[in-house]
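Asker: Take a look at the letters that make up each chain.
Number of protein chains: 2
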Amino acid sequence: MKIGIVGAGSIGLLFAAYMNGLFDVTVYTRTIGQAERINRNGVRLVKGAGPLTANVRAKALGTGPMDNDLTIIAVKQYQLESVLSHLPAKGALLFLQNGMGHLRLLEQLNVEAIYVGSVEHGALRETPDTVSHNGAGLTRVAVFRGSPDLLEKVASLLSDTFPMKLEPDFYEMLAGKLAANAVINPLTAILGVRNGELVENPRYEKLLEKVFEEAAAILGFKDPQDRLANVKRICRNTSENRSSMLKDLDAGRPTEVDAILGYLLDEADDREMAAPLLRAFYEMIKGKDSNGRESC
Amino acid sequence: MKIGIVGAGSIGLLFAAYMNGLFDVTVYTRTIGQAERINRNGVRLVKGAGPLTANVRAKALGTGPMDNDLTIIAVKQYQLESVLSHLPAKGALLFLQNGMGHLRLLEQLNVEAIYVGSVEHGALRETPDTVSHNGAGLTRVAVFRGSPDLLEKVASLLSDTFPMKLEPDFYEMLAGKLAANAVINPLTAILGVRNGELVENPRYEKLLEKVFEEAAAILGFKDPQDRLANVKRICRNTSENRSSMLKDLDAGRPTEVDAILGYLLDEADDREMAAPLLRAFYEMIKGKDSNGRESC
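Residue numbers (UniProt numbering), protein chains in the order written: chain L, 1 to 296; chain E, 1 to 296.
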């Protein structure tokens, strides 16, 4: 089975390294330089016992036709619009973006099968061809449109080494992840703390609950207490991790705040809900985003 | 005229240096060591052209009777309760604490004349006997109880070198300062920025307005737009300054958050007002307070 992976960041490289061998994998990079480097060196996976090298084929995106059974789109949400025109009109697509803002873009696509996924692995791209797998987790996937057949086949082939779990309802799945992201990312980024700190420090935990409350109201959760417990569990399970938003701010990279808080605030506006805390954190992250890091 | 100054932090030393010569000044320190050092070296005032030395008399607080015409209490709000029992029962008292939480303590005192003040100078204690006067401003003072006569006399003697301005209404004076502190201190401390950044960065300015709105509602301002303009003016006038709360957090010292946000939230609770942003910033500052600085 031919698998295309669009985007060679941490998630794209992680999927390439684990799926290569079981599938015929091509990675589509943004630059020709990175494609050449991966074709020369393979993708190095740093994990536990020692690095493994996967001999993955790579092409720069847009330099030729894409002909895959499944194409996995592993770019950030804010990069999605720029890659959409390069995606194939045939085969199935799997989108791994955070948030839910990308769903309205997917509705406009003409492909028969569209899947969405939510990645629960910790991964860090160390060089253009090296990815470190820091936290083993799983990938939750669900059907957005069409038949689940291909997705089920891929999931069964991956089995234990890189588990992919089929979820019955894409909205529930993405909304759950979004709520966790909307709470953990902005709070850790503004407070400058690792994930675990949000539940270890009683003051931060109280704040986490208040912020979660606003997100849960907007997303219309039927079981907010279970969802809140899940967010706290994620904080404990990834206790030593620094969130992606904290790392992005520290590195002066753009954050995913629009995909996460921006989406929730748009939804809140549509329904005339207040959400003062989400709005405050949005402004704080955007303020830091626009400034780069402060010197004092 | 005999002036006592309780507390030899930045504000206490600043007042001692400027009032010495015009008045017979005694500084009351917390430790015997600091009193000995000041008696030996005087108080060094670093400002503009070069340092000046004021030969100020110093005593450790509680080591003897206090017999002054005016005693100025220049300790932080959270240190106030521990010095109250040492204050003289005669003469006038001038309290320079931030916030308004100390007013209920003042009501219990038996002294005839009580004044309150609000210091608009920038000062930094560099060593136990050296203070740097970074930002020349003024001290606003008002009568809390009794006759203004002594206060007027002191103000006229200080005149231009260290101006003291009499305000007609202590509540208006302290509420105005409190609103500015409630906005500028927590925001700069959590965002890690200097004061000017709050009005230079449009995202932060929007946030400042939202936080101010909550404080203004609690304090019952009749002219919120003028007050907001004043807060922004303070940000611009002290543009390069790092707020006291930011400095306290950075140095791992306790902050004045209880005197500032804690007071406002108590008032909000009494009147069943929500104040979600003030509450969130309170939890964030308290969380950082309790942790010392984060390492990541």
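Hints listed in this document are in silico derivations from the structure and should not be mistaken for laboratory results.
Mixed in with the good hints there might be a few duds.
Copies of the same chain look alike in the list, so a pair counts if it fits in one copy or across any two.
Claimed, not checked - List time: in silico BS3-like cross-link candidates among lysine-lysine, alpha-carbon distance up to 30 Å:
#, residue 1, residue 2
1, LYS90, LYS210
2, LYS222, LYS247
3, LYS59, LYS222
4, LYS90, LYS165
5, LYS90, LYS76
6, LYS90, LYS206
7, LYS206, LYS47
8, LYS247, LYS47
9, LYS90, LYS232
10, LYS206, LYS153
11, LYS232, LYS210
12, LYS47, LYS90
13, LYS206, LYS59
14, LYS153, LYS232
15, LYS59, LYS153
16, LYS247, LYS206
17, LYS247, LYS153
Owing to the predicted nature of the structure, the values given are computational and were not obtained by experimental measurement.
Asker: Cα distance capped at 30 Å. Does LYS206 pair with LYS47 within a copy, between copies, both, or neither?
Answerer: Neither. Shortest intra-copy (35 Å) and inter-copy (44 Å) distances fail the 30 Å Cα cut-off.
Asker: For the identical chains here, do LYS206 and LYS59 meet the 30 Å Cα criterion within one copy, between copies, both, or neither?
Answerer: Classified as neither; 48 Å inside a copy, 44 Å across copies.
Asker: How do LYS90 and LYS76 come out at 30 Å by Cα distance, when the copy is not named: within, between, both, or neither?
Answerer: Cα proximity of LYS90 and LYS76: one copy only (22 Å, versus 70 Å across).
Asker: If the cut is 30 Å between Cα atoms, do LYS47 and LYS90 qualify within a copy, between copies, both or neither?
Answerer: neither (35 Å within a copy, 74 Å between copies)
Asker: Pop the pair LYS90 and LYS232 into one bin, within, between, both or neither, using alpha-carbon distances up to 30 Å.
Answerer: neither (40 Å within a copy, 57 Å between copies)
Asker: As a check of your reading, is LYS247 near LYS206 (CA-CA no more than 30 Å) within one copy, between copies, both or neither?
Answerer: Both, since 24 Å and 25 Å are each at most 30 Å.
Asker: Can you tell me if LYS90 and LYS165 fall within 30 Å by alpha carbon in one copy, between copies, both or neither?
Answerer: within (24 Å within a copy, 78 Å between copies)
Asker: Measure nothing new, just compare the shortest in-copy and cross-copy C-alpha distances for LYS232 and LYS210 to 30 Å and report within, between, both or neither.
Answerer: both (13 Å within a copy, 29 Å between copies)
Asker: At most 30 Å between C-alpha atoms: does LYS206 with LYS153 qualify within a copy, between copies, both, or neither?
Answerer: This pair counts as neither: shortest intra-copy Cα distance 43 Å, inter-copy 50 Å.
Asker: Are the CA atoms of LYS90 and LYS206 at most 30 Å apart within a copy, between copies, both, or neither?
Answerer: neither (48 Å within a copy, 46 Å between copies)
Asker: Quick one: LYS247 to LYS47, C-alpha cut-off 30 Å, is that within a copy, between copies, both, or neither?
Answerer: For LYS247 and LYS47, the Cα distance is within 30 Å only inside one copy (20 Å; across copies 41 Å).
Asker: With identical chains treated as interchangeable, where does the CA-CA distance between LYS247 and LYS153 reach 30 Å or less: within a copy, between copies, both, or neither?
Answerer: neither (35 Å within a copy, 58 Å between copies)
Taken one by one, the earlier hints fail for this structure at numbers 1, 2, 3, 6, 7, 9, 10, 12, 13, 14, 17, listed in ascending order.
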